[in-house]
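A.B. asks: Take the sequences, apply the hints, and build the full model.
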Amino acid sequence: MEKIPILRMGEFLLVTIQVDMHDRLAMTLQEDLTTRINETGARGVLIDISSLEIVDSFIGRMLGNIAAMSRVLDAQTVVVGMQPAVAITLVELGMSLPGVRTALNVDAGMELLKQALNGHHSSNRHAFMNGHKAAKNVSRR
Amino acid sequence: MIKGVSNPKTNGLVEVLVKDESPILEEWIKQMSSSTRRADLINAADLRAQCAKFLKLLRQGAESGSSDLESGAWQPVREQLTEVSKTRARQGFSPTETATFVLSVKKPLFAQLRDHLGADASALASELWLTTELIDALGLYTTEMFLKTREEVIRRQQEEMLELSTPVVKLWDGILALPVIGTLDSARTQVVMESLLENIVKTNSKVAIIDITGVPTVDTVVAQHLLKTVTAARLMGADCIISGVRPQIAQTIVHLGINLLDVTTKATLADAFALALHRSGLSMEHSLQSA
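These protein sequences, in sequence, are chains H and D.
Here the first sequence stands for residues 1 to 141, where the numbers follow the working numbering.
Here the second sequence stands for residues 1001 to 1291, where the numbers follow the working numbering.
Treat the hints with care, since some could be wrong.
Claimed, not checked - Partial list, computed: chain D residues near chain H (C-beta under 7 Å):
| # | residue |
| --- | --- |
| 1 | Leu-1041 |
| 2 | Ile-1042 |
| 3 | Ala-1045 |
| 4 | Glu-1198 |
| 5 | Asn-1204 |
| 6 | Lys-1228 |
| 7 | Thr-1231 |
| 8 | Ala-1232 |
| 9 | Leu-1235 |
In case anyone wonders, no lab produced these hints; they're calculated from the structure.
Virtual Cβ for every residue (Gly too), placed ideally from N, Cα, C.
C.D. replies: Laid out in structure tokens, this is it:
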């Protein structure tokens, strides 16, 4: 059976979706990912959807669900690399994914995750405001 | 649409066209030069060629005996009239002048018909009626084509304006600005949204400023379109700032009960740019001190 690989990078998990998502695959991913977060005690999940070209309301909802589930398991989720067409489709479907953090690419996503963990208890909606400084602080530590 | 001529037999017309093509042509051109010929827009040789070609094609059409202008026999006539209408629409002829090109052939045609059938009053009457119907149908077709060409021109200009009016400009590394001029409707929002999102990916920008100084009014529809754009940009990982909110627009937004709480808004593009720099971890202090 098809599976989407989940890679471990330090205290983060990296998921790269490189095939067209169908519903069964999405459900499997959801299950695998929550299991992996539990096993590894990961603090952050980065989902790269830059190759995802087709999206429907189910996949949109799944992204939101994964973020919510990760939060319950004490891991932050960042979705990176969403294509313009996908973003427009989701907006037209009325799904703004309110609880999901987003970033332009994996780099920016990693930075955002590190920073989110750094100031875990503060509000991080606009966390990249001090992006550069915070990133430097993290690397020094 | 074009209606066919009721009687398929237009023998008189065919005869006249075969026998007296050149007198008809001469008479026609003479008449046109006295009334509607625009010497400033078309030269005599071109006009003569157009007329001669039309008469020839008209004869071929009439010879087929078919009265249905949609049928294959009339295809060449329709094609020529389309061509003539298109050129004339672009050259700046008025609709009347273009339609008269076809309609003015009636007089010389009728004169020849009268010469041929003068003795037989009833045959002349029916022949005149058939010819009138045919020429009128062709005249209407010409006008229709003329309008179609004009509409095409208008549509093309609209499209051009759409593209012209939505440039995405880069203000700094990672900061984009989108000055919106004119009213935002659905079609335009689509274009604006797409070009903004594509540029966000291309330039790897984290902040996008949508400047609505040039938007005359903001109603619920426009606000909804703006929010959609902002949400789509957020989904891709970029932050949007809306700038250029005029006092009247701020009042309207509040009166309409539109919720812009999740969106950062600034009064001027300069304020938005300063905020964008701040968010990107940049500062303008140095340049301000040295200035």
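A.B. asks: Hints broken by the structure, by number, lowest first?
C.D. replies: Those not satisfied are hints 1, 2 and 3.
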